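Student: Could you put together the complete structure from these sequences and hints?
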Amino acid sequence: MKHNFDFIVDKENNTINAKRAFAADINIVWQAWTDAAILDQWWAPKPYVTKTKFMEFKVGSYWLYAMISPEGEKHWCRADYQQIDILKSFSGLDAFCDENGKVTDSFPRSLWHNEFKKDGENTIVNITIKYNSLNDLEKIIELGFKEGFTMALGNLDQFLEAHL
Amino acid sequence: MRRDIYQAIADPTRRAIITLIAIHAMTPNAIAAHFDTSRQAVSKHLKVLTECELVSQKFEGREIYYQLEIKKMKEIDKWLAQFRKIWESRFNELDLVLNKLKSKK
Chain H
69 MKHNFDFIVD KENNTINAKR AFAADINIVW QAWTDAAILD QWWAPKPYVT KTKFMEFKVG
129 SYWLYAMISP EGEKHWCRAD YQQIDILKSF SGLDAFCDEN GKVTDSFPRS LWHNEFKKDG
189 ENTIVNITIK YNSLNDLEKI IELGFKEGFT MALGNLDQFL EAHL
Chain D
31 MRRDIYQAIA DPTRRAIITL IAIHAMTPNA IAAHFDTSRQ AVSKHLKVLT ECELVSQKFE
91 GREIYYQLEI KKMKEIDKWL AQFRKIWESR FNELDLVLNK LKSKK
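Protein sequence lines, in the order shown, are assigned to chains H and D. 69 is the number of the first residue of the first sequence in the working numbering; add one for each residue after it. 31 is the number of the first residue of the second sequence in the working numbering; add one for each residue after it.
Note that these hints are calculated values from the structure, not bench results. This one's a predicted model, so the numbers in the text were calculated from it and none came from an experiment. Worth double-checking, as some hints may not be accurate.
Computed list of lysine-lysine pairs in DSS-like fashion (alpha-carbon distance at most 30 angstroms, straight line) [to be verified]: (1) H/K198 <-> D/K88; (2) H/K185 <-> D/K130; (3) D/K102 <-> D/K74; (4) H/K185 <-> D/K134; (5) H/K87 <-> D/K74; (6) D/K130 <-> H/K121; (7) D/K74 <-> H/K119; (8) H/K119 <-> D/K132; (9) D/K134 <-> H/K198; (10) H/K114 <-> D/K132; (11) D/K132 <-> H/K87; (12) D/K132 <-> H/K186; (13) H/K126 <-> H/K87; (14) D/K130 <-> D/K115; (15) H/K114 <-> D/K130; (16) D/K101 <-> D/K74; (17) H/K198 <-> D/K115.
Tutor: Structure (structure tokens):
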């Protein structure tokens with residue numbers, strides 16, 4: 069099944085807006101975004117896998133996880149929760165870090181805001197990501213390229229076509 | 031000197047210049063007429079854009095025209111498209127997870 073996917077890049081405000089409908093109840097979708105055991109199943113772009121080290125979904129606390137390459141190389145990330153409105157929205161600050169959660173300053177941080185809305189049988193998730201500059205955004209992409217995401221994504225498309 | 035193209039488009043005046051010459055090539059004077067800033071300031075922006083190879087110069091008689099390098103602009107779109115793809119696949123993955131969760135209920 070194909071879903072509408074809006075992806076808008078606002079170069080003036082250095083923001084990305086992604087909007088996607090999911091064929092599931094808002095309770096389930098919310099859980100998929102806020103429960104570490106479920107996030108571990110889908111968050112990392114293939115062939116990477118996500119492994120949570122620590123998560124406390126609470127304002128002022130954070131999620132610390134590793135994205136692990138097929139070779140076993142780990143990239144540590146953390147998300148600091150700044151606002152949570154149960155079943156409606158949450159926002160936080162993203163960063164790359166070390167395994168103890170110490171933030172790496174050389175990589176740009178981005179501010180996230182995720183909104184959840186019921187739409188009949190579906191749930192619409194509206195994501196706004198704000199970077200400090202376009203240059204920051206480019207750095208993130210570059211990192212993605214370096215790790216070979218691009219090639220892997222091509223494979224994933226084929227996989228999904230075959231299984232959906 | 032080579033510059034970062036993303037820095038080039040981070041400036042609002044430079045973005046405005048790009049929009050202007052996207053329609054047709056223009057002389058520095060004609061471009062400057064659209065802005066409140068000095069002719070020198072506009073020249074500086076044009077210099078940055080040229081160094082980034084986002085615009086190029088074309089000589090016609092005694093006039094210099096600045097034109098947009100469409101190919102270079104497409105590069106920017108290309109990496110944005112890649113970013114979009116990362117998200118798209120992540121969401122497709124979430125669809126599968128949601129299906130699993132639903133069938134468990």
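Student: Can the restraint linking H/K185 and D/K130 be considered satisfied, given a maximum Cα separation of 30 angstroms?
Tutor: holds, 21 angstroms
Student: Straight-line Cα separation of D/K132 and H/K186 no greater than 30 angstroms?
Tutor: holds, 16 angstroms
Student: Keeping to a limit of 30 angstroms between CA atoms, is the pair of D/K130 and H/K121 held or broken?
Tutor: Roughly 23 angstroms separates the two Cα atoms, so the pair holds.
Student: Assess, step by step, whether the Cα of H/K119 is no farther than 30 angstroms from the Cα of D/K132, and give holds or violated.
Tutor: holds, 23 angstroms
Student: Regarding the pair H/K114 and D/K130, is the alpha-carbon distance no greater than 30 angstroms?
Tutor: Distance ~18 angstroms between H/K114 and D/K130 Cα, so the pair holds.
Student: Measure nothing beyond the straight line between the CA atoms of H/K126 and H/K87; if it is 30 angstroms or shorter, mark the hint as holding.
Tutor: holds, 24 angstroms
Student: Are D/K74 and H/K119 close enough, with their CA atoms no more than 30 angstroms apart?
Tutor: Violated, because 49 angstroms separates the two Cα atoms, which is more than 30 angstroms.
Student: Holds or violated: are the alpha carbons of H/K114 and D/K132 at most 30 angstroms from each other?
Tutor: holds, 23 angstroms
Student: Can you confirm whether the C-alpha distance between H/K198 and D/K88 stays at or below 30 angstroms?
Tutor: violated, 38 angstroms
Student: Has the given pair, H/K87 with D/K74, been kept, meaning a C-alpha gap of at most 30 angstroms?
Tutor: The hint is violated at about 39 angstroms.
Student: For D/K130 and D/K115, compute the direct alpha-carbon distance and say whether it is at most 30 angstroms.
Tutor: Holds - the C-alpha atoms of D/K115 and D/K130 are around 23 angstroms apart, at most 30 angstroms.
Student: Could you grab the alpha-carbon distance between D/K132 and H/K87 and see if it respects the 30 angstroms cut-off?
Tutor: Given that 30 angstroms is the threshold and the Cα spacing comes to 21 angstroms, the pair holds.
When each numbered hint is compared with the structure, violations occur for hints 1, 5, 7 and 9.
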